[in-house]
Every structure is written in C-alpha cells, then in structure tokens.
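Peer 1: Each chain, letter by letter, is given below.
2 protein chains.
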Amino acid sequence: MVKITDVARHAGVSPSTVSYALSGKRPISAETRRRVEEAVRRLGYRPHAGARALAGGRSKVLAMVVPLRAGINVPVVMRFAVSAVTTARRYDHDVLLLTQEEGEEGLRRVVDMALVDGLIVMDVQLDDPRLALLRGLDRPSVMIGFPADSKGLTCIDLDFKAAGEACVEHLARLGHRVVALVGSPPEVYVRGTAFAQRVVQGFTAAADRGRLTSAVHPCEPTPAAARAVAAQLLREQPALTGVVVHNEAALEPLIDAFEELGLRVPADLSVTAICPDELAASLRVPVTSIALPADEVGARAVELLMRKLDGKPVPEATSLSPRMTERGSTAQRAVA
Amino acid sequence: MVKITDVARHAGVSPSTVSYALSGKRPISAETRRRVEEAVRRLGYRPHAGARALAGGRSKVLAMVVPLRAGINVPVVMRFAVSAVTTARRYDHDVLLLTQEEGEEGLRRVVDMALVDGLIVMDVQLDDPRLALLRGLDRPSVMIGFPADSKGLTCIDLDFKAAGEACVEHLARLGHRVVALVGSPPEVYVRGTAFAQRVVQGFTAAADRGRLTSAVHPCEPTPAAARAVAAQLLREQPALTGVVVHNEAALEPLIDAFEELGLRVPADLSVTAICPDELAASLRVPVTSIALPADEVGARAVELLMRKLDGKPVPEATSLSPRMTERGSTAQRAVA
DNA sequence: CAACAACGTCGAAGCGCTTCGACTGGCGAA
DNA sequence: TTCGCCAGTCGAAGCGCTTCGACGTTGTTG
Chain W
3 MVKITDVARH AGVSPSTVSY ALSGKRPISA ETRRRVEEAV RRLGYRPHAG
53 ARALAGGRSK VLAMVVPLRA GINVPVVMRF AVSAVTTARR YDHDVLLLTQ
103 EEGEEGLRRV VDMALVDGLI VMDVQLDDPR LALLRGLDRP SVMIGFPADS
153 KGLTCIDLDF KAAGEACVEH LARLGHRVVA LVGSPPEVYV RGTAFAQRVV
203 QGFTAAADRG RLTSAVHPCE PTPAAARAVA AQLLREQPAL TGVVVHNEAA
253 LEPLIDAFEE LGLRVPADLS VTAICPDELA ASLRVPVTSI ALPADEVGAR
303 AVELLMRKLD GKPVPEATSL SPRMTERGST AQRAVA
Chain L
3 MVKITDVARH AGVSPSTVSY ALSGKRPISA ETRRRVEEAV RRLGYRPHAG
53 ARALAGGRSK VLAMVVPLRA GINVPVVMRF AVSAVTTARR YDHDVLLLTQ
103 EEGEEGLRRV VDMALVDGLI VMDVQLDDPR LALLRGLDRP SVMIGFPADS
153 KGLTCIDLDF KAAGEACVEH LARLGHRVVA LVGSPPEVYV RGTAFAQRVV
203 QGFTAAADRG RLTSAVHPCE PTPAAARAVA AQLLREQPAL TGVVVHNEAA
253 LEPLIDAFEE LGLRVPADLS VTAICPDELA ASLRVPVTSI ALPADEVGAR
303 AVELLMRKLD GKPVPEATSL SPRMTERGST AQRAVA
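Protein chains in written order, with my numbering: chain W, 3 to 338; chain L, 3 to 338.
Calculated directly from the structure, the hints in this document are not laboratory data.
Where a beta carbon is used, it is the ideal one built from N, C-alpha and C, also for glycine.
A couple of the hints might just be wrong.
Cβ-to-Cβ under 10 Å is the rule here; a few derived chain W residues that face chain L [what the hints assert, rightly or not]: (1) M3; (2) P77; (3) L117; (4) E254; (5) L285; (6) E328; (7) R329.
Using the sequences and the accompanying hints, generate a full structural model.
Peer 2: In structure tokens:
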C-alpha cells in the first residue's frame, strides 16, 4: 500500500506538506505542489479512508436512506439516488446505501460510528417517525420531500401542491369542468407519503376554487388496475373530460384504456401528468406534464448537504416550482 | 463521543479487554464480558468506523456495483440490491453504492482507499471490461452473473441457459411446435449482457433439439412495444402457440395484447416467463414461470463474499437450477 | 530601515481502535 | 514439588492521516 510518507519521500518533502498540498488548507508553493502531485500520480497514491476519517473527523461518505416501500415507483426513486451518487462524487464523497429494515436505528448507528458525515433521506412521510431523530442528530441531513412540520430540518422537493394545482388550472383554462386525479397506489396514501398527499391537496383545492367537479382515485401500478380505474371513472363521471395522472407506471396503460373505451386523447379527453419528462415525451401520445426533476432534486439535495457540512447556511425549505410542458394530450374541451 | 476507554473505565477493565470481549478473539471470562456488554449498553458505545478500519485493516463495508444501464429492469435489479444490503447487515457490514459513471476506476479507487473490504458486481456482461480488474484486485469480489470466462472469479446466478431450455421443453411437452422468445430490450443484447444472452442460447438450443420452429424478439419495456411485438410475432408465425417471455415489464401488456388479437391464454396460446414469482403470480392470468430468485441470489452473493473475506474457500461458480411453477398460462396444444 | 506580516515548510502529537507480547494465577502432569 | 500451560487480563505499540505550533524567509510599511 502506498502511503503519504511514500509520497513525501518521492517528492522530497515532509508528510504534512503532502497533506497540505493535497487539501489546500495551507499555502504551498506551486513548485512543491507540482512535485507532490507528480509523486501522487507516479505512485498511484490513495489516502486511506479510515485513517483520514480518524484524523480528520470526516469520512467523506454520505448515507442515503432509500426505503423501497410498497407502492413506490422504484425506477423514479433510483433516479434520485443515482443523481445523488453522481453529485456526491463530484464533491469527492461516496454514498452508503441504507434500506428500510435498518430503520431509524440504522441512521443513528452510522452516525454514531462516524461512518457517514451526513444523511440524505428519501420517501418522506407527513408525520415521519425519523423527524425527531434527524433533529437530534449531531450530523447534518437533507430530506427529499416535505414532512408536515419541517422546522429545524432541511428539505427539498418539487412543489407537489403547486403541481397538482397547475394541472387542474391548465385543464380549467381549456374549458374542462369535470376532472379526476389518478394517483399513487393506496398504500402510499395510507402511509401519509408527503408528495402524494400534497398533489391531492393541490388538485382538490384548485378544483374547488374553480368550481370543477372532481374525483380522486388511487391506482395500483399495473395495466390491469389502470384499465379498471379508467372504466370506473367513466362510469362514475360520464362527463369527465380532464384527467391528471400522478402515477408513472399507470400513465401509459391508462391512456390506452381510455382510448379502448372510445375516448380519443386529446379530442375527447385531456390528460396531464406529473412525471419525469422522458416518460411523458416518449409515449405514443406525448403527454402534457409537470416535470418531476429527479436529477435536479437529487443533485441539489447533495449540494445542500455539502453546504451544511461546510458550516454554511442553507434555506430550510427548497421548493421547486412546477414547470409544465404542453405536449399533445390536452386540448380545448369540445363543445358538445 | 463514547469511546472504548470510556467503556473500559465503566467496566473496570482495560481497553484491550473491551476489544477482546467484543470481538471474541481471545478468551474473556463470562463475568467480565457481562460487565463490558453492560457498559456498552449503558453508554451506547459504537466503535468508530475509521479507527476500527485503520487498526484492524477491515472497514466492514462492501461495495455494490449497480450500473443502472439502459434497458435493465430497475425494480428487479433493486431486489438484488436490497437483499444484498439486508444480508450484509446480518454480517455486521454496510454497503457502499457505486454506479456506472464511476466505472472501473471507481472500483479500484474504493479498494485502494481501503474504503471497502470486498465487492459485489451486478449486471455482468459476457465480455465484461471489469473482469481483468477484478482478477487483479487484492480484495475479494463476487459477480452476480456469469461472464464468458469466469476463471479465477466467483460468480453466482440463476442458470439462465437452463431456464430458457426448461421453458421450451415445457412447451414442447405440451405439444407446441412453433414457439417464440420475447426477450429483453435490444440494448441489453448489444452490450452482451450475460443473463440475457444465456436465455437466448438455452431457448434456441432446446428449440433446435426438439425440432421446433422458433423465433427470438427483443422487446422494449413498454406496453406499446409489447403490443407491436405481439402483432409482429403473429404476422410472422401465424401458427405460433407457445411464447417464452423474459422481460418483466412487457409480460402483462404482452398477454393483454395477445388476447386483444384474439388469442386466449392458455387455450390458444401458452405463455411462460422467467421473472420473479410475485410478478408471475399476481397477473390476471397467473403465468407459468421460472422463478428469478433475486432475494436468494443477492443474499448468497454476500454470503460467498463473507466466506472469502474469512479466507474460506468458495466455489467459483454457483449456478442455481431453474425451478418452474405451473400456474395457468400454459396448456396442452389444442388439436386443430 | 526596523518591525512585522504573511508565506512555505517541518516535526510531533494525536484521532480511537486492534493486536502483540507479557504477566499472573491456578491446575494437571511429571 | 516443580514445570509447563492455559485462561484471562493488561500495557504499549502502532495503523495512516490531519493539524497545531514553530521556524526560517521574503516582502511591506510607517
């Protein structure tokens, strides 16, 4: 194993100089730095993570808490995760993966062991049991999602309430008077998952404000469930002309189902979704949608955490404004 | 922070005794051990990960290399991952998440830094560029999947070739003479992803052996693609009566598409799949399938790695025999 | 032109843990 | 009775790194 003393010897300086040259925490002459970097390259030096963590008090590892609970859309969650990992690497950090089973105890464990410097917490619930723990921890954390009470925490997410509202308002503007929200699987609501609840709030509030007739239906993430929900919606609301879909897995089958039921999109039915742009744009009928900016959220979560690790102030709440892209699945309501 | 000296003081012993009491590497009297464990509990002692790694030469962290490449089924891959994490925890280890962008360089990096003790490598390709690296590394690794040449490596996976064969043989036994394989997305084959190629090999070999007429079609993981493939198959092979599906995302839409095209499953068309049992069992038409035992594979991969870390010998290849469950999607071929 | 900042570098002291060698009492074998 | 052993414990020596204080050297500035 190549250690810092090897580098020091090859560069003709002391180990502490090597350390300072690499960390930049003290001024080092350009010439010395060059020789150190040269030696690092020649020898393939890599600082020992444990030694560095012990001496420096920083492990350069972040914990990512990814509870892959029932009903969540795994591909979407993993987009956040991959983006976070990529961004962490840009800050020379690695990412430790924590899953559900570990639970709150696991968070405390990795912090107490000084295994990680900070935490990224995903799949936040309105009344999340991890909140108290995170507030009490002596390590910074960032949540992806807003719990009911985010006081003293750092949170970031798409403004899902505004997203739900924007969808309804878009439909209302096009003349639609009877609208429905096809949401996440029921388990997600039962748990009180923050983002799902907020979409419902926004959807309902905007519909009430606009005096629209509205309905909300959870939906399992399968084609069969999508078909069933489509049929049910039309049965309950034959006058339905606008649908908001907040369920990535159900979006495509749902549109297919509506068309099989004799409704053309957008001629007879306008559909808008909250989902990643790639998905909305790739469908047979490109869907007007509010982008779910998973990459941006994951990246910014890490950036916030890095700022906190540097002792810099960060906003408690970072709420990304919804951005709608009109694609072809929404149209003026046909006058009967 | 609670450190080992604190525990030692409270238990009335020396730090080294605490260390031995906790690691079991030297005999310690029952009474002393009791007092140490008591002190650990009272104080909430957690050994400092960095210090432990530095002194002990083991970080108790495993790297999991999860390249979420185009065309892979993310939920399935994450089942492996979650199972691996859970099992690692049972061995008191944590898991570091490495993604694609880091590439081979990332593997070397985390090993050189002594950040991880071993590696779990997923999404293996027949001619995987990481092979040489893994062979040369001075840390053990386990691959989930078999490359073309696995000499000197430790690999585990479902025997996908046998799985492909078993599906065909099952159909042949039921009298089917014209069969098709609906496979993974094209990118997966282009990359030479090991498991996908092996299914094709097994499928083709068994079909040839049984003198069946056969065809292989990749399929994108979308309902639209599934419909298109279904239509194309029937156009090219009107006599088709048996289908093997190796594509989780396309399975349900594919069955729907066949039925829309006028074929009843299993009366007119027998369908069998290679996928997780939960998926096969949950469909409207429960599908006869070869189980993809993601949980078992993930868990056993970690167990193999642990054995290697202990210096114990492990088999180079662990190939899990396919296990078929008949569900309702396959039937004797109707005599025309 | 003296006094005093930086600047650039070094040596030494730890960070918290594991592990090695050594020591102390029994206890069975010789 | 003595020797050797083993169980059970301790002290000290690191593991490889960061960081603190110190010490020349140059430049600045009143």
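Peer 1: For each hint, tell me whether it holds in the structure or not.
Peer 2: Cross-check of the supplied hints:
A distance limit of 10 Å between C-beta atoms decides the matter here; for W/M3 the minimum to chain L is near 8 Å, and the interface restraint holds. A hinted interface residue such as W/P77 counts as satisfied when its beta carbon comes closer than 10 Å to some beta carbon of chain L; here the least separation is about 4 Å, so the hint holds. Because the closest C-beta pair between W/L117 and chain L is about 4 Å apart, less than 10 Å, the hint holds. For W/E254, the shortest C-beta to C-beta distance to chain L is roughly 5 Å, which falls under 10 Å, so the interface hint holds.
For W/L285, the shortest C-beta to C-beta distance to chain L is roughly 8 Å, which falls under 10 Å, so the interface hint holds. A least Cβ separation of about 21 Å between W/E328 and chain L goes past the 10 Å threshold, and the interface hint is therefore violated. A distance limit of 10 Å between C-beta atoms decides the matter here; for W/R329 the minimum to chain L is near 16 Å, and the interface restraint is violated.
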